[in-house]
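Novice: Using the sequences plus the hints, can you model the full thing?
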Amino acid sequence: MPRALRPFEYIEAGSVEEAAGILSTWGEVRFTDLQQGRTI
Amino acid sequence: MRRRVATPECVVSIRALPGIGLIQGDGVSGLGIGAMATLRAAESFPSIKRDYLALYEGIAHIPSLQVKSMATVVGNLCVASPASDVAPPLIAMGGQVRMEGTEGSRTLPLEDFFLGVNQTALGPGELVTLVSVPAPGPGSGGAFMRLARTATDVAKLNVAVMMRMGDGVCQDVRIALGALAPRPIRARKAEEILRGRKVEGERIAAAAEAACGEISPISDIRSTVEYRKEMTKLLVRKSLEKALERTGR
Chain A
1 MPRALRPFEY
11 IEAGSVEEAA
21 GILSTWGEVR
31 FTDLQQGRTI
Chain B
1 MRRRVATPEC
11 VVSIRALPGI
21 GLIQGDGVSG
31 LGIGAMATLR
41 AAESFPSIKR
51 DYLALYEGIA
61 HIPSLQVKSM
71 ATVVGNLCVA
81 SPASDVAPPL
91 IAMGGQVRME
101 GTEGSRTLPL
111 EDFFLGVNQT
121 ALGPGELVTL
131 VSVPAPGPGS
141 GGAFMRLART
151 ATDVAKLNVA
161 VMMRMGDGVC
171 QDVRIALGAL
181 APRPIRARKA
191 EEILRGRKVE
201 GERIAAAAEA
211 ACGEISPISD
221 IRSTVEYRKE
231 MTKLLVRKSL
241 EKALERTGR
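Just so you know, the sequences run in chain order A and B.
Residue numbers for the first sequence follow our numbering, beginning at 1 and rising by one.
Residue numbers for the second sequence follow our numbering, beginning at 1 and rising by one.
No wet-lab data here; the hints were simulated from the structure.
A few of these clues could be false.
As the list claims (entries may be wrong) - Restraint-style ranges between C-beta atoms, simulated for each label pair:
hint : chain 1 : residue 1 : chain 2 : residue 2 : range
1    : A       : Thr25     : B       : Gly137    : 39 to 45 Å
2    : A       : Tyr10     : B       : Ala205    : 37 to 43 Å
3    : B       : Gly137    : A       : Ile11     : 40 to 46 Å
4    : A       : Thr25     : B       : Glu226    : 48 to 54 Å
Just so you know, these numbers come straight off a predicted model, no measurement behind them.
Glycine included, C-beta positions come from ideal geometry on N, C-alpha and C.
Specialist: See below:
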């Protein structure tokens with residue numbers, strides 16, 4: 001998807017620690033919530 | 001995301017993490033599957049077809065090459081579908097998941113990773129980085145079987161078996177069942193009937209009957225409770241027979 005069309009911030013993690021840190025900062029999206037059309 | 005049922009503010013790609021897409025190991029050292037390794041890569045990995053046949057069969061039952069070329073083994077596990085064709089073989093083979101997060105890393109047996117329909121033990125800020133499987137050991141044999149309306153449909157039920165024979169008796173056996181409970185489960189009572197004993201017709205039938213008592217299937221668009229129970233007996237019996245044959249006892 002072209003960057004300009006992305007309706008979200010896209011981050012390429014360089015390490016597991018970075019990925020985990022971002023996940024814990026932004027929260028996570030669980031599949032169950034996807035089914036209900038919600039994000040947490 | 002494509003269906004717009006979720007609109008995350010941020011997406012984190014882990015594709016560039018060192019080693020995250022690797023599959024390593026063999027039938028002697030055990031197997032490690034990185035979080036970004038695709039189903040197709042696993043299906044094409046020589047040792048998986050040779051030494052981890054139940055897993056190979058589970059993946060091979062997924063017909064779409066396009067899906068298998070995009071979807072990952074770990075991604076399949078993290079969706080935590082009760083009907084996954086990948087989870088039961090990995091559970092039967094004693095698979096473990098490594099999770100890493102801001103608080104450090106931990107490892108869980110795969111069967112404890114699944115908590116319910118689409119629910120896992122992953123905490124906030126944690127991601128699965130690896131699924132590992134111990135070496136099968138001499139005298140081992142595995143099998144995977146599934147039943148579905150069509151080849152491309154989600155399974156009505158599936159069964160994976162890993163058995164190790166020695167001195168004419170069953171040294172160890174693990175039976176994993178899918179689509180028969182809110183999460184993939186072990187048929188532990190059925191396993192107990194076989195462990196430490198000779199494996200022959202009546203005992204296999206008794207184990208299959210016991211497995212039927214350990215499930216909690218539902219009736220839905222794909223099947224009914226009654227049919228799923230009957231077919232559990234059949235598939236467990238056939239899977240045990242196939243696994244036994246493959247032990248080369």
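Novice: For every hint, state whether the structure bears it out.
Specialist: Each hint tested on the structure:
1. A/Thr25 - B/Gly137: 39 to 45 Å: 43 Å, holds
2. A/Tyr10 - B/Ala205: 37 to 43 Å: Roughly 55 Å apart at Cβ, these two residues miss the hinted range, so it is violated.
3. B/Gly137 - A/Ile11: 40 to 46 Å: At 42 Å between Cβs, range holds.
4. A/Thr25 - B/Glu226: 48 to 54 Å: 49 Å, holds
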